[in-house]
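These are the residues of each chain, in order.
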Amino acid sequence: MLVLRTLSRGPNHGWGIAQHIQQASKEALKIGEGSLYPALQRLLLNGHVEAEWGTSENNRRARYYRITPSGRKQLAEEKRGFEFLLAGIARVMETP
Amino acid sequence: MKLWKRLRQIVRARRYEQELADELRIHREMAAEAGANPGAFGSVALTLEDSRAVWRFAWLDSLAQDIRYALRGFRKSPGFAFTVIGTLALGLGTLATSFSVFNALVLRPFAVRDPYSLYTFAGWGQTKERPSHRPSTWREFTEFRLQNVAFSEVLGYQSGIASMAGKDASVQAVTGNYFHMLGGGICMGRPILETDDGPGSGVAVASYAAWKRRLGADPGAVGTKLYLRGRPVEVVGVACPEFNGLEERRVDFWVSMALAWSSSDNADIFGPEASLMLTVVGRLKPGVTQEGAEASLLAYGRQMSPTWQEFMTHWATDAVVREPYHGKPPRTVTLRQSATVLPFDRDSIGGFLPLFAAFGLILLIACANVANIMLARGLARQREIGIRISLGAGRARMVRQLLTESLLLALPAALAAFGVAHGTIRAALWLQMNVLHADRMWSVGLWNASPDLRVLAFLLATAGIATLGFGLMPAIQASRSRLVEANRGEFATDYRPARLRSALVVAQVAVCALLLISAGVALRSERRLASQDFGADVRGVFTVTMNRSSTADKKLRQPVMERLLSLSRTAPLGACFLPPGSPSPWSKVVSGNGTIDVPLNLVSPEYFGIYGVTIRGRNFSTAEADAGAPAVIVSETAARRLWPRGDALGHTLNLKDSWVFQSGRTIHSAIVIGIARDSIYSLFDPNGVDGPTRALLYFPTGLKTKDRVSLVVRMNGNPESARRAVEQAVEAVAPGEGTVSSTQELLDRYSFPFRALAAISGFLGALALLLTVSGVFGVSSYAMTQRRKEFGIRIALGAGEVRVMGLALRQSLRLAAAGAAMGALAALAVARVIAHSLVQIDLFDMGGYAAGVVVVIAAALAAAWVPARRAVRVDPAVTLRCD
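Going down the list, the sequences are from chains A and B. If you read the first sequence in the working numbering, its first letter stands for residue 1, the second for the next number, and so on. If you read the second sequence in the working numbering, its first letter stands for residue 1, the second for the next number, and so on.
To be clear, the hints were calculated from the coordinates, so they are not data collected in a lab. Treat the hints with care, as some may be off.
What the hints assert, rightly or not - Taking lysine to aspartate or glutamate pairs in the EDC-like style, the calculated list, with each CA pair at most 20 Å apart, reads:
#1 B:K2 to B:D50
#2 B:K656 to B:E562
#3 B:K76 to B:E291
#4 A:K73 to A:E83
#5 B:K5 to A:E52
#6 A:K30 to B:D50
#7 B:K704 to B:E562
#8 B:K555 to B:E727
#9 B:K5 to B:E19
#10 B:K555 to B:E624
#11 B:K128 to B:E291
#12 B:K2 to A:E50
#13 A:K30 to B:D626
#14 B:K2 to A:E52
#15 B:K225 to B:E731
#16 B:K128 to B:E384
#17 B:K128 to B:D347
#18 A:K30 to B:E29
#19 B:K285 to B:E562
#20 B:K5 to A:E50
#21 B:K328 to B:D347
Could you put the whole structure together from the sequences, leaning on the hints where they help?
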C-alpha cells in the first residue's frame, strides 16, 4: 500500500520509493531491498504498476515504476481497509 | 492475464533476470551515493530468488527439479530402470490385450456413417428376450419401410455362408440402400443400388480383403462373373478396406436380395410365399429417442398383427403353407442399439470381468515385483534421503520425489506395453488360425482387434494407478528414515520393510499358484478331450454337403457322386443325414425300461466301413438302405440303455414321436439288426450332463434315396491334397453348390473353446511363473546379501554347508508354501463360484491342483537356490572382515 501511495505521487524508481517512504515516515519505516523488489514484482504481475527503463536525475539508467488506474483502485481499497482496521484498534484502546 | 504474463516471463527468463540484477545493482549504487551503510542490505541472492518466485509456478519448478534428479538417478543405474520398465510393460501389456478385445467388441463403433443412431429391430413379441414376429416377406418389409414408423431409413440384410469354388465365403444379402445408408466406401466400380432390389441374376460387391485373396487383386475384377449358390453373379464393385458393414466377422461378399435364402427354395424371393430371415436395421429419425421409437413401433405392430401370416414348411411336400397368425397381439418391441458388436451394457461388462480379472492378476504380480525392487532401492538410498531430510526437505516432498520417479518409469512402460499388446494380439490371431484351428464359427470378432487410441488412454490411466500401487508404499517406507543412523552409514534391518517384502512375495506366489492351477486344470481337461477315443477312424474322411435345396440335390447328386467315385484314391462312397459332430435330433424311444431320449441319424451301409465302426450282427443290405426299411442298428451304449438285460438283437424299437423327414419318410418302429461299436457322436450332450454322447441309433438310407444326405468319402494320402481334389471335383460339376469339410474339422469345432481356454490359461500361467521367479530371485538375492555375515559366522563356527543352505532356504520355502496354500484355497473358492456355469470341465481336478502347487513351490525354491548358494559359498574370512 505504501509503495502504491508513493507511486501515486508520480513515477519513481526503486531506490526513490524506499527513500521517500523512509523520509515521509520520519525514519519510522525502512523498506529493505529484500522486501521492496518482491513487492514490486507482485504489483507488476497484478497489473497495478507498469515499469520501463529511463534515466534518473543523475543521468543514470534506472527502472521507473508508474501506477496504473487499476493500481489506484487497489490503493483506495487498501486504504479503506487499513483505516477500518485502525479505527477498530483505536476504539479498543480507548474503551475504559 | 496473470497467467499470460507469467508465461511471457518464463519465455524471456534470461532477459528479466538480467534486468532484475541490474536494478538491484543500481539500487545499491544509489544508496551508496546517498551514504547508506552498505552492510545493511542483506543478501542479493535471496532478493533475486524471492523476486523470481513471484513470477514462476512453484509447483512446476519443483516438478522439473524432481524429474531432472530422477533422470540423473536412472542414468546411474540403468539396470534398475530397464528391469522395472520391462516388468511393468509385461504386466500392463497383458491387461491391455484383454482391453483391446473389449474395445474391439464393445467400445469401437462400426466404420459406418453415424453409428450411434442405428438400431437393430429384432421384432415384436410377448417378452423382450424372445421377439416372435418380424417383417418376414418382402412385401411386409417394404411396407414397414414405407410407413416410416420411427426410422428415417431402414435396411435389411441376411448373413450366411455360401460356397464359392468349394470354399466357404461369408456372404451378406443386402437391400439396395445398404451402401448408401451406411456410407460404405467403394473403391472400384459401383455399390449395390436400390435398382438391384428385385428378381434378376443378382450383383455382388466384393470386400477389399476378398478381392485380394479370392479374386487375386485383379484390377479387372469388376464385371467378372462368380458362382454363388450355383447362380451366376456379376461383380460390380470392390469396397474400400475399412468398410465391413455391421458385422464383426469378415464379410467377403455383399450380394443383392435376389440371392437371399428363403424358407423355401422354390418360391420367388420377392413373392408373398417366401419368408426371409432378414435382420432389420434402422436409423432413428433425429430427435426420436429409443423409447419413443419403441412406442410407435409397438403401435404399428398392434395395428398390423391381424394381417400377419405364419409360415409352415410341410415336411412331406416341401410346400410352404401360410396360416394366419394365432398369437396374441404384441406386448413388447425389441430394439437394440447396434453401433458396436456388443452393446455397452451390464451384460457385456459382466461377461468381460473374468477376462479382465485373470489378465489383471498378471499386472498385480508385476506390480508386486516392482514394489519389491523399489523397496530394495529405497533402502539402498537411505543415506541420500537422510541427508536431504536433514537439510530441510519435508517428508511429503520426499514422497513426491519418489513418486515422480515411479511415474517416470511407468510412462515408458505404458508405451512399451502398447507394443506388447499389439504383438500379443497378432500372435493370438495367428495361433487361433494355425495351431488351434478355429473355424468360422469360432473366429470371434477379431478381424480388427488391434489396439488403438482408446487402448493407449487406458494404458496411461492404468499406468498411473499402478504407480500409486507399487510406488506409494515404498516411497513412504523410504522416507521414514532414521536420520542419525542414516548419516552414520548404519542401516539396521528395520523389520517393517522386511515384513512388507515377505508379504509381497507371498502374494506373488499365491497369484502365480492360482494361475498355474487354472492352467493345469484346463490343460488336463483338454488333453482328456483330445485323447478321447472316438470309436471311429476319422482321419482322411471328408463329407460333401450339397445346398439344402431340393432341386440342386436331385439334379446334382448323381454327377457329384460319379466324379467322386472316379477320383483314383477313393474307397466306396457313403451317405449320412448328419455328419459326425453335428448336433443331432433326439427322439424319444420307448423300450422295456420306459422312455429314453436317444439321438438318431440316417446312414448308408458304407458309412460303417468308411469310419471303421464294427458291427455285431449284420449291416444294412443295399435293398434295405434304398427302401428305407424299418431296420435299425444301435450303438452299444444305446443297446445297454434300452435292453439292459439280454441281447438287443432282434428286438423291436418304437419311436414315440414318429419321425417325418423332409423326403416324406416316416419312422415308427424298427427291428434291431446289428449293434455297432460305440463312437462319440457329438462331443457334448446337449443336456450338458453326461459328457460325450455315445448312445446312437442308425437308420438306413442310401445314396439313391430321396433323403437329403451328405456324401461321405474316405481319401488316402496327404490330407491337404486330398481335400483339394475333393473340392475341385465338386466344383467341376456343381459349382457353388457343395461344401466340403473334413470330419476332423467338424469335431475340432466343438473342442475349440477348450483348446483356446487351455492355451490362454497356459499362457497366463507361464507369464505368471516367469514374473514370480524373477521376483523371488530378486528378493532372495537381497535377503541373502543381508544375511552374509550371519552365514559367515555359522560356517566359521563349524556348521556344514548343507546345513547352512537348508537354513537359508527355509525362509523361502516358508513363504512359497504359504503362498501356494493361499493360491490353492483361492482356486477352490473361484472353482466353487463358477462351477455351475462351466459344467464340462472338472474344476476340482486334484491332479491339476497338485501340479500347480508343486510347480510354483519348485520354481520358488529354484529361484532362491542360486543366491543362497552364492551367499553360503563366500569365504567367512571375507564376510567377517569387511563390514
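Can you give the numbers of the hints that this structure goes against, from lowest to highest?
-> Checked against the structure, the hints that fail are numbers 2, 3, 10, 13, 16, 19, 21, while the rest are satisfied.
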